[in-house]
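S.K.: Protein sequence lines, in the order shown, are assigned to chains G and V. According to the numbering used here, the first sequence holds residues 1 to 498 in order. According to the numbering used here, the second sequence holds residues 1 to 498 in order.
Hints may contain errors.
Identical chains blur together in the list; that is why a pair holds if it fits in one copy or across any two.
[As the list claims (entries may be wrong)] Within a straight-line C-alpha distance of at most 27 Å, the following computed DSSO-like cross-link-like pairs (lysine-lysine) qualify:
no.: 1; residue 1: 163; residue 2: 408
no.: 2; residue 1: 151; residue 2: 408
no.: 3; residue 1: 162; residue 2: 459
no.: 4; residue 1: 38; residue 2: 408
no.: 5; residue 1: 38; residue 2: 331
no.: 6; residue 1: 81; residue 2: 347
no.: 7; residue 1: 280; residue 2: 381
no.: 8; residue 1: 24; residue 2: 408
no.: 9; residue 1: 357; residue 2: 81
no.: 10; residue 1: 243; residue 2: 347
no.: 11; residue 1: 463; residue 2: 121
no.: 12; residue 1: 408; residue 2: 59
no.: 13; residue 1: 331; residue 2: 218
no.: 14; residue 1: 490; residue 2: 81
Keep in mind that the hints were calculated from the coordinates and are not lab data.
2 protein chains.
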Amino acid sequence: MSKQHFLHEFLNPQSVAFYGANNKGNSLAAIQIMNLIKSGFDGGIYPIHLTLESVMGYKAYKNITNIPEIPDLVITVLSAKIIPQIFRECGEKGVKKIIVISGGFRELVGDRKNTLTEEIKEIANHYGIRFIGPNCLGIFNNWYGLREENKAFNIAIWEILKKGNFSIASQSGTLSSHIWFDSENLDLGLSKSISVGNEANIDVVDCLEYYKDDDDTKVIGLYVEELKRGKKFLELAKEITPKKPIIIIYVGGSEAGNRALKSHTGSLAGDAKIYEAVFKETGMIKTDYVQEFLDIALILSRGILPKGKRLGIITNSGGPGAMVANNAERKGLKVPEFSDTLQRQLKEILPTNASYKNPVDCAFDTNLSYFYINLPEILMKSGEIDAIIQYGVVGFQDVMDDYLQNAKIAENADFTHQPDEVMDGLANTLLKPTLENSKKYSIPILYINPMRFTSPWSKRLRKNGAILFKLWDRPVNALAKVCEYVEFKKRFELSTNL
Amino acid sequence: MSKQHFLHEFLNPQSVAFYGANNKGNSLAAIQIMNLIKSGFDGGIYPIHLTLESVMGYKAYKNITNIPEIPDLVITVLSAKIIPQIFRECGEKGVKKIIVISGGFRELVGDRKNTLTEEIKEIANHYGIRFIGPNCLGIFNNWYGLREENKAFNIAIWEILKKGNFSIASQSGTLSSHIWFDSENLDLGLSKSISVGNEANIDVVDCLEYYKDDDDTKVIGLYVEELKRGKKFLELAKEITPKKPIIIIYVGGSEAGNRALKSHTGSLAGDAKIYEAVFKETGMIKTDYVQEFLDIALILSRGILPKGKRLGIITNSGGPGAMVANNAERKGLKVPEFSDTLQRQLKEILPTNASYKNPVDCAFDTNLSYFYINLPEILMKSGEIDAIIQYGVVGFQDVMDDYLQNAKIAENADFTHQPDEVMDGLANTLLKPTLENSKKYSIPILYINPMRFTSPWSKRLRKNGAILFKLWDRPVNALAKVCEYVEFKKRFELSTNL
Chain G
1 MSKQHFLHEF
11 LNPQSVAFYG
21 ANNKGNSLAA
31 IQIMNLIKSG
41 FDGGIYPIHL
51 TLESVMGYKA
61 YKNITNIPEI
71 PDLVITVLSA
81 KIIPQIFREC
91 GEKGVKKIIV
101 ISGGFRELVG
111 DRKNTLTEEI
121 KEIANHYGIR
131 FIGPNCLGIF
141 NNWYGLREEN
151 KAFNIAIWEI
161 LKKGNFSIAS
171 QSGTLSSHIW
181 FDSENLDLGL
191 SKSISVGNEA
201 NIDVVDCLEY
211 YKDDDDTKVI
221 GLYVEELKRG
231 KKFLELAKEI
241 TPKKPIIIIY
251 VGGSEAGNRA
261 LKSHTGSLAG
271 DAKIYEAVFK
281 ETGMIKTDYV
291 QEFLDIALIL
301 SRGILPKGKR
311 LGIITNSGGP
321 GAMVANNAER
331 KGLKVPEFSD
341 TLQRQLKEIL
351 PTNASYKNPV
361 DCAFDTNLSY
371 FYINLPEILM
381 KSGEIDAIIQ
391 YGVVGFQDVM
401 DDYLQNAKIA
411 ENADFTHQPD
421 EVMDGLANTL
431 LKPTLENSKK
441 YSIPILYINP
451 MRFTSPWSKR
461 LRKNGAILFK
471 LWDRPVNALA
481 KVCEYVEFKK
491 RFELSTNL
Chain V
1 MSKQHFLHEF
11 LNPQSVAFYG
21 ANNKGNSLAA
31 IQIMNLIKSG
41 FDGGIYPIHL
51 TLESVMGYKA
61 YKNITNIPEI
71 PDLVITVLSA
81 KIIPQIFREC
91 GEKGVKKIIV
101 ISGGFRELVG
111 DRKNTLTEEI
121 KEIANHYGIR
131 FIGPNCLGIF
141 NNWYGLREEN
151 KAFNIAIWEI
161 LKKGNFSIAS
171 QSGTLSSHIW
181 FDSENLDLGL
191 SKSISVGNEA
201 NIDVVDCLEY
211 YKDDDDTKVI
221 GLYVEELKRG
231 KKFLELAKEI
241 TPKKPIIIIY
251 VGGSEAGNRA
261 LKSHTGSLAG
271 DAKIYEAVFK
281 ETGMIKTDYV
291 QEFLDIALIL
301 SRGILPKGKR
311 LGIITNSGGP
321 GAMVANNAER
331 KGLKVPEFSD
341 TLQRQLKEIL
351 PTNASYKNPV
361 DCAFDTNLSY
371 FYINLPEILM
381 KSGEIDAIIQ
391 YGVVGFQDVM
401 DDYLQNAKIA
411 ENADFTHQPD
421 EVMDGLANTL
431 LKPTLENSKK
441 YSIPILYINP
451 MRFTSPWSKR
461 LRKNGAILFK
471 LWDRPVNALA
481 KVCEYVEFKK
491 RFELSTNL
């Protein structure tokens with residue numbers, strides 16, 4: 001059970017002490033405390049500072065010995081050279097978990113034997129301390145405390161994020177934290193995120209082990225530069241991927257990439273091609289793009305997996321339909337021509353200048369309920385497709401609202417602005433049956449509205465559960481990777497049943 | 001000269017008549033008139049309607065004969081079968097230019113010989129009429145009227161767009177219009193956009209001819225499904241690409257893509273591989289992605305071309321630096337290890353735990369003027385790189401402003417919010433010398449801020465001329481294509497000088 005895993009304690013502490021905390025908004029430890037406050041953490045917060053009386057409203061302590069309890073977790077941003085001393089103090093106090101944000105352990109000494117890292121490892125072993133880092137950005141748990149309390153334990157991310165089932169373990173702090181800054185434009189919900197840094201004591205393998213049995217983790221995302229326990233990593237991955245998808249960014253293989261890594265973590269990444277082959281065999285979903293990493297996670301986190309790779313395309317514009325079809329085939333998806341029966345069915349409800357072979361092109365004048373409900377339903381029931389991409393879910397009222405800001409137009413146009421409740425109701429009415437069918441038939445549907453992702457109609461679609469994109473490149477690419485994973489699962493299940 | 005070209009007249013009419021116009025906000029012709037009003041057009045607007053007295057505030061006419069002048073341009077959205085009649089009426093009136101938005105000409109009849117299209121072609125020939133369409137979405141000219149008037153001639157795009165030097169000719173209306181809906185998130189300025197539809201009379205070759213000599217067009221974007229005048233197209237492209245880059249989306253070659261096209265335009269696209277080879281030889285920049293189409297255009301439209309493909313990477317986070325390096329090499333860019341001299345120079349101003357081989361990783365604590373000014377300057381002056389990608393231009397005040405919305409944090413954090421003028425000044429101070437150097441050395445620099453693209457600091461950077469991205473995949477991919485174009489230009493100049 002994941003609750004017995006030591007990482008569970010890291011992610012669910014009742015009290016935290018901070019070395020290096022002060023009141024300056026732009027200091028790293030202050031940001032961590034601010035994140036903690038913002039996320040609703042109401043356990044013990046103990047800033048440690050030599051001179052300050054209080055930090056961010058909390059009583060400050062000169063050293064860890066003075067703190068009235070043994071903190072469940074200690075976090076330090078202080079410079080590398082005094083970390084051994086901090087570890088000893090913590091060990092004496094009885095602290096068992098530390099996060100070392102501080103960098104400059106390996107970076108400082110380049111390729112030479114790293115005595116500083118070895119030193120803190122030894123101290124940790126001596127006192128039975130587990131620690132994350134050094135050179136990491138902290139951890140995040142969106143499922144902290146009781147469900148109904150709606151709290152998080154967060155020292156790593158500046159934004160309040162949607163709760164979800166996607167969990168990250170990353171050797172880059174940016175990939176575990178900073179890609180989450182733009183929450184307004186992100187529908188992907190986060191479960192946990194762990195920045196493992198240089199992995200002196202805890203590594204991505206530990207995280208995988210934890211996520212494997214964590215009920216709040218259904219999809220796993222990894223950013224990996226080097227694998228210290230490669231064999232164990234692959235064994236675990238093989239165990240996990242038939243049940244939970246793993247999306248992996250692996251950086252290495254290029255000369256400059258390796259040079260970057262060497263400076264960054266002191267490691268040298270292995271041959272990219274070998275890794276790629278191994279990842280594929282293991283069923284991991286590899287991507288080289290951070291946007292795709294998020295897109296794949298978004299689709300997978302909804303829990304509706306296609307059964308195959310046959311794509312149905314619904315569009316009200318020929319160009320995007322053709323581009324989606326073209327790109328889909330290039331990426332290994334199938335865009336089958338529909339059977340005569342299905343074509344006849346579609347023809348009945350479509351305008352005369354529409355096309356219905358796949359892509360289904362409504363030629364911009366189908367009514368809304370046909371476009372949002374009937375067409376997807378017919379495709380889903382047909383048994384001829386495994387996923388749908390639908391272009392053109394435009395918010396017409398949003399367009400009109402823009403126009404009506406012009407006095408001359410407002411005076412003359414015959415247009416009734418519908419109140420928010422009506423529009424909310426409309427979005428729900430149009431999406432609900434389709435999303436239910438999507439679940440029932442296990443056929444994911446991805447929508448595209450070329451207007452602003454935060455436009456009122458787009459927001460309504462997103463709020464009502466649509467997986468929405470602004471343009472049509474990303475959904476195709478992400479879906480293709482999801483379908484590769486589905487193919488892996490099929491092969492796996494076949495071989496298990498043999 | 002482009003002013004003599006007949007398309008110049010299409011894009012600069014003094015009077016326009018609309019068949020099919022009414023007051024309903026959601027009718028196509030009303031949208032066109034609204035676009036016209038919004039864009040500041042103050043010429044004659046003549047709605048034609050059998051019963052209405054006025055349309056959108058303009059006196060309506062029962063037919064074109066009653067209109068008191070010969071309109072420079074006639075636009076019709078009425079159904080295909082009455083277009084021949086409209087053409088005859090227009091011909092008799094003396095109209096010479098028509099845009100046929102109406103679809104259903106070829107779509108309607110499938111593969112059979114299209115008598116309706118032939119009929120309107122004949123009528124047009126008889127009266128000396130040139131027409132765009134059928135089945136198009138209209139045209140856009142951001143440089144209409146006098147420069148100081150700040151007007152546009154626009155019947156195609158819902159938004160008011162930045163003026164620019166990028167011009168589009170497209171066989172898909174979506175690619176000429178709807179990709180421009182989200183102007184808030186788009187820094188690319190548009191010059192002209194022509195939706196050519198089914199090309200019964202005017203095609204992309206005509207547009208290329210016009211853009212070739214148009215002073216307001218420096219970068220050309222094409223969306224092509226079929227080439228009716230392939231030879232002429234390639235001849236023209238060859239003439240243009242050494243002077244003005246052409247970015248082309250060519251959809252075809254896949255089975256489903258062709259099926260989509262056949263339904264959409266009635267044409268069958270040629271073999272994708274042959275076309276790709278020909279496009280490459282001609283120096284056109286081919287992309288399969290609409291986002292990349294816009295990204296490449298954005299970089300090129302700034303007019304600063306790299307001289308080669310050596311990329312310098314500046315970052316304050318290892319992960320993005322490594323991913324950029326990795327992706328850059330995969331896409332054909334070089335990420336050279338810096339010379340000892342350059343490394344020494346960088347080492348002098350960087351913190352001890354930074355790295356400076358390329359990527360330059362500032363490890364998150366370099367001061368702003370070093371990060372924005374000195375580092376790029378050193379790289380640009382070094383002669384060792386041709387372009388720069390800089391990750392991490394974060395707006396710290398934006399982060400703090402978010403935190404300070406929490407009462408507890410606001411009470412305790414020691415942070416001075418700087419007024420807008422100060423922040424505007426800061427953005428200008430930090431960017432100006434670098435953008436001047438960028439121009440001086442002809443070294444483009446692409447910035448990345450992982451926060452919201454419309455966050456205050458991102459907006460300030462954009463307003464002050466930064467080419468900004470939110471994540472790091474797109475700038476690498478787009479830059480790689482730009483560098484391929486540069487290589488073509490070099491080869492071309494070499495062969496010309498031989």
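S.K.: When the hints from earlier in the document are held up against this structure, which numbers fail?
M.R.: 5, 7, 10, 11, 14
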